[in-house]
Amino acid sequence: MANEMKKIDKNGLGSIISALLEKGYKVIGPVLNGGAIIYDEITGVNDLPEGWGDKQEAATYRVVKRSDKALFGYVVGPHSWKKFLYPQKTKLWEAEKNNKGFDIKPSNGTAVKYAFLGVRSCELNAIQIQDRVFNNGMFADTFYNKIRKEIFTIAVNCTQAGGTCFCVSMDTGPKAKGGYDLALTEVINESGHYFILDEGSEKGREISSKVLSSEASQDEISAADKAVKNAEDNMGRKMNTDGIKEMLYNNHDHPAWALIAARCLSCANCTMVCPTCFCANVDDTTDLTGSHTERWRRWDSCFALDYSKVAGGNFRTSIKARYRQWMTHKLASWIDQFGSSGCVGCGRCISWCPVGIDITKEVELIRETAKA
Amino acid sequence: MAYKKPRLAVFKMSSCDGCQLSLLDAEDELLDVLGGVELAYFPEASSKMLKGPYDIGLVEGSITTPRNVEEIRQIRKDCKILITIGSCATAGGIQALRNWKDVKEFTKIVYASPEYISTLDRSLPVSAYVHVDFELRGCPINKYQLIEVLNAFLNSRKPNVATHSVCIDCKLKENVCVMVAHGTACLGPVTQTGCNALCPSYDRGCFGCYGPMDSTNTASLAKEFKILGKTSFDVMTMFRNFNAYAEPFRKESEANEK
Ligand code: SF4
Ligand code: SF4
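Chains as they are written, first to last, in our numbering: chain A, -9 to 362; chain B, 3 to 260.
Hints are computed from structural coordinates only; laboratory data are not their basis.
Glycine included, C-beta positions come from ideal geometry on N, C-alpha and C.
A hint or two may mislead.
Unchecked claim - Below, in silico cross-link-like pairs of lysine to aspartate or glutamate (EDC-like), each with a Cα-Cα straight-line distance of 16 Å or less:
| no. | chain 1 | residue 1 | chain 2 | residue 2 |
| --- | --- | --- | --- | --- |
| 1 | B | K160 | A | D277 |
| 2 | A | K73 | B | E176 |
| 3 | B | K160 | A | D273 |
| 4 | B | K6 | B | D57 |
Claimed, not checked - Reference excerpt, derived from the structure (chain B facing chain A, CB under 8 Å, subset only):
| no. | residue |
| --- | --- |
| 5 | L156 |
| 6 | H166 |
| 7 | L174 |
| 8 | V178 |
| 9 | V192 |
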């Protein structure tokens, strides 16, 4: 095992991007856009938000100028990698009328090879959670898996925590523990600005062999470890997950749900930004002449009233029922359904909730007076 | 039996005409729409005005005069399916601002001979007077949604017109939330989508043109607006807009009146 750790600089990272582009990857990375750091296509290291950081609290996100030239000096923003693996809208199939009936034409989904640069540890965990949802044998999702099996992932170990992060509580970070092709730790100190590069797969080794690197010294590796420890020690949030499944199951009638519902807008932002939420709606459309029809899937949310509308009525008419459903699924029944929590502690739902509903605090609110 | 094209009629109550113009504005689809129906009555588009009954009636505008009341009752009788379009027809429109005031006072100030003005105290949606089969929201409506509604009725299926928040569309479009990232007060979280999140896509807060979404918590949003520095008066004016008289918006504006 004992992987030799390599050391690269900004140019080395640029060469990794070029090597990936040469291999036909569409490289996606963090970019500054619209007042946030989002994920979009990049063609070089200069597209990265150099010298930018972020400040996050419940219901607030701001990008801020840093005093250094860090390339990864922020945590996660409003986007997550799910928008590439599980796009917002997917055509499932279409059909054309003929004189006998109709012909169905299956949809092939996206045939694109993505390289993801800057995947945080919580996000790697989120991808693995969605793998269990979408690559589950009997009901495997062909669209997801087609994109998923081609991706190249470059993880970035976090060296600082955001105001709403709690990956330590969820055991999902801040250091990536596998599931990547390459992993970077950015170090900026008196001896310079460099990245410790860890190769996580054969695919990763092949790419990193193409870039100029040196062997990382023990001191340099320790500096990187210390930087990651800094993130670990400065989590903006924490969540006590002890017996959380039973606690939520036993407290479906807890008075806290009504208090949360009085604040919740049922706007669905939390579920849209969550890297593990996967609910979708399916719409059938026709053209005006009725000869062509298409079936589309698009992201939906358990917070949308229509989502729980079935023949005969709606089984979650109150915001209280919908919030409770979301949190209980995320933190409790997800464990029964998929074998792990559905939350990776990325904090997005806290930052991007317009009224600052905070999953960590709401759990505490219930726990304080929970029935055993 | 020969297939008879459904007869379409377009009517106007008290309104600005913008919504019915959306139909004419749908240039790419207009021929297909007209191919699928018989345009029996649409004074804005054609001088050929055929008598009812009609299969589908589109009604723009709110009910503000005694004459509107008579007309809409007749229209209801004449149309198999009645679809109201736009904020005026579905919520009373911007002219519902008068509902908080004394209309007689206005007429005295505005008109030289107010005795000729015959108007109701309040501007109300069509559904306050007659049964409506489908309400298409917006000020103005989105032409693609209008085509979708016609398309759905022509193909005997349910229209794909979402009733959820504008936020979902912002996220589908990958917009950065203007409220969270810029501190801009935005009605998106309580407003029904339909415009494809137009204003937030240009870094503006949502104005609420499509009215309240299917389950609103306006009080919580209003509280957040105040954290962002808005006064009660600001909040009142935000909710008292194109959909001022739609119940959840009306109540929130009244709660912030003083
Ligand atoms: S928790 Fe926040 S983001 Fe989620 S639906 Fe409620 S108000 Fe919207
Ligand atoms: S529930 Fe919230 S903190 Fe947990 S993974 Fe989803 S967005 Fe992140």
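Have a go at the B/H166 hint: is there a Cβ in chain A nearer than 8 Å to its own Cβ? Constraint on B/H166 satisfied, holds at 4 Å.
Holds or violated: is there a CB of chain A closer than 8 Å to the CB of B/L174? Check passed: Cβ of B/L174 comes within 4 Å of chain A, closer than 8 Å.
Under 8 Å, Cβ to Cβ, is where B/V178 needs to be relative to chain A, so tell me if that hint holds or is violated. 4 Å, holds
Is the straight-line distance between the alpha-carbon of B/K160 and that of A/D277 16 Å or less? 13 Å, holds
Mind checking the alpha carbons of A/K73 and B/E176 for me, to see if they're no more than 16 Å apart? The given pair, whose Cα atoms are some 9 Å apart, holds under the 16 Å limit.
Holds or violated: B/K160 to A/D273, with C-alpha atoms at most 16 Å apart: With a Cα-Cα distance of about 10 Å, the restraint between B/K160 and A/D273 holds, given a limit of 16 Å.
Check whether the Cα positions of B/K6 and B/D57 lie no farther apart than 16 Å. Within the cut-off at roughly 11 Å; holds.
Under the criterion of a CB-CB separation shorter than 8 Å, is B/L156 in contact with chain A as hinted? Because about 7 Å separates B/L156 from the closest Cβ in chain A, which is inside the 8 Å limit, the hint holds.
With 8 Å as the cut and Cβ atoms as the points, is B/V192 at the interface with chain A? 6 Å, holds
Figure legend: structure checked against the earlier numbered hints; every hint is met.
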